[in-house]
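Protein chains in written order, with the numbering used here: chain A, 5 to 156; chain B, 28 to 693; chain C, 53 to 319; chain D, 2 to 346.
Any given hint could be a false lead.
Far from chain C by the CB rule (all over 12 Å, computed), these chain B residues [stated by the list, open to error]:
no., residue
1, E81
2, K107
3, E245
4, I251
5, Q305
6, T489
7, N527
8, D575
9, S618
For lysine-lysine, the following DSS-like pairs were computed, each having C-alpha atoms within a straight-line distance of at most 25 Å [said to hold, decoys possible]:
no., chain 1, residue 1, chain 2, residue 2
10, C, K204, D, K34
11, B, K465, B, K409
12, D, K262, B, K157
Hints listed in this document are in silico derivations from the structure and should not be mistaken for laboratory results. The C-beta atom is built at its ideal place from N, Cα and C for all residues, glycine as well.
Listed here are the chains, written in short residue letters.
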Amino acid sequence: MQEFEPKIVAFVCNWCTYAGADLTGTSRIKYSANVKIIRFPCTGRIDFMILMKAFENGADGIIVSGCHPNDCHYSTGNFHARRRWIVFRNLLNFAGIETDRIQFSWVSAAEGFKWADVVNNTVKKIKEFGPNESYKQIAVSTLFNEEGATHE
Amino acid sequence: MSRIGVFVCHCGENISATVDCEKVARITGELKGVEFATDYKYMCSDPGQTLLKEAIKEHKLDGVVVAACSPRMHEPTFRKACAEAGLNPFLCEMSNIREHCSWVHPKDDLTTEKAQDLVRVMVEKVKKNKALNSIKVPVTKTALVIGGGIAGIQAALDIANCGHKVIMVEKLPSIGGHMSQLSETFPTLDCSQCILTPRMVEIAQHPNITLHTFSEVESVDGFIGNFTVNIRKKSKSIDEHDCTGCGLCTTKCPQKKIPNEFERGLGFRPAIYVPFPQAVPNKPVIDRENCTYYIKGKCKVCEIVCPTKAIRFDQEDEIVEVAVGAIVLATGFDVLKSDYFPEYGYGKYKDVIDGLQFERLASASGPTQGEIRRPSDGQIPKKIVFVACAGSRDPAKGIEYCSKICCMYTAKHAMLYKHKVHDGTPYVFYMDIRAGGKMYEEFVRRTIVEDGTHYVRGRVSTIYEKNGKLTVKGADTLMGGIPIEIEADMVVLATAGVANHGAEELAQTVHVSYDAYKFFAEAHPKLKPVETNTAGIFLAGACQAPKDIPESVAAASGAAVKVAALFSNDLLTRDPLVAVVNRQAPPVYSSCVGCFLCQSVCPYQAIEREEIKNRNGEIIKTLARVNEGLCQGCGTCVALCRTKAIDIHGYSSQQVYTEVMALLND
Amino acid sequence: MSDLIKKVTQLLSDKTIDVFIGYEKGSADRIRATFTRTPEQAGKLIFDASCTQNLAGFLLKHEVKKLGKLGILANVSALRSIMQLASEFQIKDGEVLALFPNADNSFTEFTDFHSIEAYLETTDVGIKSEEQEMITRLEAMTVLERWAFWNKEFEKCIKCYACRAACPMCYCHRCTTDVNQPQWIPVASHELGNLDYHLMRAMHLAGRCVNCGECANACPMDIPLNLLTYQLIKPIHDTFGATAGMKADAVYALSTYKPDDKENFII
Amino acid sequence: MEKELKILKYTDLPKLIERFRSQGYPVLAPIRKDKVVEIELVESLENVALDALLSTQSAKKAAFPKVEKVLDFTFGKADVKQTAVNPEECKETILFGVRPCDASGFKSLDAIFGETPKDELYLKKKEKTTIISFSCPIADEYCFCTSVGGGPGNTAGSDLQFTGISKEEILVEILTEKGAKLATMFTDLLIDAKSDIDKSKFLADVKVVFDVNSVVEKTTASFNNTALWLEQSLRCIGCGACAFVCPTCACFDFQDEQNTKKGVRLRLWDSCGFSLFTLHTSGHNPREVQSQRWRQRIMHKFAYMPEQLHVVGCEGCGRCSRACPVDMNIKEHLTEIGSQIVLIA
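In isolation and in its complexed conformation, chain A is listed as follows (with noise of 0.2 Å):
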């Protein structure tokens, strides 16, 4: 049986780690293709609930991604989310969800290298949890297939 290709979605900050992705790109530093980016203004933006549409979805993992402290393009946005994912990650590991699916960096504009280790790193990790089963026994999808008419 061939090897399990997890699927893994970035949530990063338009002004530094998707900026430290295109560097990535233009030093031609190679990383997995497991990983899709989705744009943000800001890691503020990110709300907690995309998170959770993204497990439901089918994401095996997921990393977040934004500027260092202080370096904000919004100047505070950054420490915001910071705060929101210290209770969500709480919250999470309370409910039974496996909070290490989930990477959170700080990747700046310039630091196209960490954000290809932090990809492969966050790869290599799930590929060791394996799929996220937990979450895709109840996933919308499932309703999809299941049998039609039940009394239940």
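Position chains B, C and D relative to chain A; hints supplied.
Chains B, C and D alone, transformed into the frame defined by chain A:
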């Protein structure tokens, strides 16, 4: 049903080398709502853009996805092209299949599949895009210059001479900055004061410039074109209008033994003082920490002798609110504190001084009237050692950068010393000589060849006092690292230039970012050297990194041009990617419940309270409203809002939600 | 005649308030909220150990507000609810008169926020020990065990939204659950819809929950919902130094920050 | 059909479930989950909560579950392919150990879903459900079945009804063809019962507290009695607990759950207690305040249904009162309505 056009760019070989662009176009062309899909060698080229424009017209496209390089590179290009073809530019999105795909992955199916995914995501996003119109905001054509050193002075004069109002804020009682402390300047050795003071006077007299000395910026609100700044005018304890600057008070003040900051502690000043003879404004301030009256409650000699009764002991700080359209930061730099060099005995031995102190000794207006006499006993030092890189390029001191100006001023110091003490012997310990710049290398040569300065390549390990002499221990790395000991009469440390004290706080007050060394950060190291990441705020001089005078002046003029350009229009056009609070029909009005938890997350104070009233003027509901002039579109409020009453154009909940779904359901 | 009845009769007859929200005897051994509008009605007011319901939620109910100036029998949870609602601009100072039951069956009258704040400073606002034990027990489990635990609980959920309706902090007219552009939370009460709903709600109550336990009490399917929000109280207090419902002008823990907020998971 | 009376031994009860299962019938029965009693698929009699007064939720889920798929769809390039769920697919199922009020509760649902256009999905499931109810030996202060025409031994809606008549014996009433057909699976365990058995001796005593006809009359007449509805509902917090545990509440909502490629259409329970229940897109809400929603709940069961479907939409099971977080007690409120003096035009 949407009519979306997909344009896959080969970027020559850059993309097509690893991604099967033709396949990407073919597959994504099958997506629901995609009307037209093609691939092309160079989408950004003229023919490429023409292809795009014609497709928009021919297929009546209502959305465009260009799969090419990073949107940070060409989004403006393609949005402009769409606009020219009559499609609202905000209905155009880019898939980054170069930086984020072809350049970072090998040539295989996975890479092409990823490219397809990235395009599919944008196709779905574009379906949710809304046509938007750019926002126009008025520009207040007054600039604020923070810092009255040579950089600030240059920027202020340039802006003012373009016919715009300038407000200058200087922390100290006089403008002039470090340059006013210098004796003579490399590489021409013309006297610093002589070239600087006319400019200082010009500032004071310029009809377009308002000067606030002994003042600091308290707060900055607003955004590009529309800043509101509060300036704290610290109490000078004198009435500037009544005071004629006769200076009688300063001579009569009984308190005379206060170390003079301007002289770097090499001289003394009274409690009521003018920092230096050519100060602008040339009017004294009372140093309340050291004034007998403020300490003991009695004295008031100055008040008694003042012919115009200008002394105001009860004067309080004053807060001035000003409206400005742009801000230039020119707060300069500082030099390392003495406690950095225990091994050099700086601060311990009177005759170990720093470069600025040497400038004062060499200055005709200095404590020694320009004679090089050592602080301890006023003797003329016959043997003098200059230590370059004192702190700079020294990870151990936490300063890895090169302070850049030291090589040159050390050479200048050695030269000045020789010119003044003909029988003296100057030594210079250095790591490398960095003399890039017009006439710089020649200048250093002269110091070495004509003035016979002994340059020793190597670091000084320790300096200690032995029978009245300063023993300088070092090694000559060019002589195979043989140990050297020099018994010097005086040592001058070319201490590293560091960020000004309080730079961090100021950065947070004006909302600009700063680097690891607390120097203010430019928007781009090469292409935007005088801009900051905060629109409307610019950098001039050494507050960004150590700079010499010509560099500071050049940067200042650069910043001034940016300001002038901004002021060249009455209206400023901004991207409409801002947050909005939804509105609905009565009786709901909006799903906003007016909890205003969003108010404190907004970095730009863009969230206002809106009261909805009935015909009788009674308040029915209070809800949040986003001031689209202030909003910079970070979206932090959006993520916080429990009722999802706030959304943001360009990154709306609908859009990001669909992106996630499209990405994961292939 | 009890002190309570005396006091309320007084407040109503001298028109200090128009309505008093208190407790009366309910079905079987239950108690229920009652809205006393005339001195005559005051007679049926009761207060005893069983009167634990947090009545503060009613302060925002449209039809109750319309009755006029409100008085309320407020236990610690209710007082904290009032503080939290005040910090979210839902109640103005002086709008509500609160009667707080002291241990000696006397009642303290709170007419302004300041006095409530002063009182709360001296009060233990922690969660009950049995609730803490339950949380500790869950925290001791492995992640997958916890997942199984909550799945079993959420399976029972029928999305009647009694938790939301009973929560004094769930006063939004349009809950995220009711947002359908996009449909963040599946409306259906299948496992996913339930999980999403409860996580979303817990997150929205993080730093706002005053641990009154109404959500769990209200749940007809007996799901221990309160634990979800309760277990966030400690980290929020320890990391950010914030406790909900203590000050009327408090800044919400999640809409402020410290540059040096501690975390150990961001690389 | 003529009802038959049989006797079954308690000790044989487990065999019934075994046989139903071995014949491939899914069996739904009340089971305990901590403090709540749920009706779920069971494999054997053990942990079937026969002693429970009532299940927390009603048995309506057997034919009207809280979430039910009605449609699958997939998006093509230009069209949407749909496949509706086929009602015929549902299995013959046995609803075991529920109470008479659960069984009779289906009267209302049958009436509502039987209206044209007929709701095949419900009707098929109902048709394929055989109900074995257990009469009530106990009742509590929330029960008022006798006031709405039911009772602890009411056989309406049941196919078989079991009544414990001693420690060892159960009286089995075979009430319908469906019931008889099912009974053939355990005829060998049944012996004939004496025809003069007085079942009522073994039933709980539930007092009649109001006259249903006058309640119906007065409810109908009270539409404009705003004060009454406001008074009763001041403490109502507008959740849906009452509706969701109710055996006769039939309101539902359709929701599509989809991604960018495909989706399902679901039928979900809804409640007139929710403020969004009647909210129009325009922002207008004909039932703007909670008292109007409370009025709707009562009027629907005691005015509109009797008038239009000739059934009272309430079985007196009292579940809504037990579930209500703020102790709205329907028995009390109906008594109040019934006892008011109003002019019947």
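* Taking C-beta pairs only, is B/E245 more than 12 Å away from all of chain C? -> 20 Å, holds
* To do: Starting from B/K465, check that the Cα of B/K409 is at most 25 Å away, please.
  => Distance of about 32 Å is beyond 25 Å: violated.
* **Verdict on B/S618 as a residue remote from chain C, using beta-carbon distances over 12 Å** => Contrary to the label, B/S618 does not stay out of reach of chain C, its closest Cβ about 4 Å off (not over 12 Å).
* Given hint D/K34 paired with C/K204 - CA-CA distance at most 25 Å -> 10 Å, holds
* To do: Verify that the Cβ of B/T489 lies farther than 12 Å from every Cβ atom of chain C, and report whether the claim holds or is violated.
  => 37 Å, holds
* Holds or violated: is the Cβ of B/K107 farther than 12 Å from all Cβ atoms of chain C? -> B/K107 clear of chain C: closest Cβ-Cβ about 30 Å, beyond 12 Å.
* chain C versus B/D575 - minimum CB to CB distance exceeding 12 Å, so not interface -> Label holds. Min Cβ-Cβ 33 Å, cutoff 12 Å.
* Evaluate the condition: distance from the CB of B/Q305 to the nearest CB of chain C exceeds 12 Å. => 41 Å, holds
* Asked: Just checking, B/I251 versus chain C, shortest CB gap more than 12 Å?
  -> 24 Å, holds
* Since B/N527 was said not to touch the interface, does its Cβ keep a gap of more than 12 Å from each Cβ of chain C? -> 20 Å, holds
* To do: Would you mind confirming whether the straight-line C-alpha gap from D/K262 to B/K157 stays at or under 25 Å?
  => 22 Å, holds
* Taking the minimum C-beta separation from B/E81 to chain C, is that value above 12 Å? -> 34 Å, holds
Violated hints for the displayed structure, listed by number in ascending order: 9, 11.
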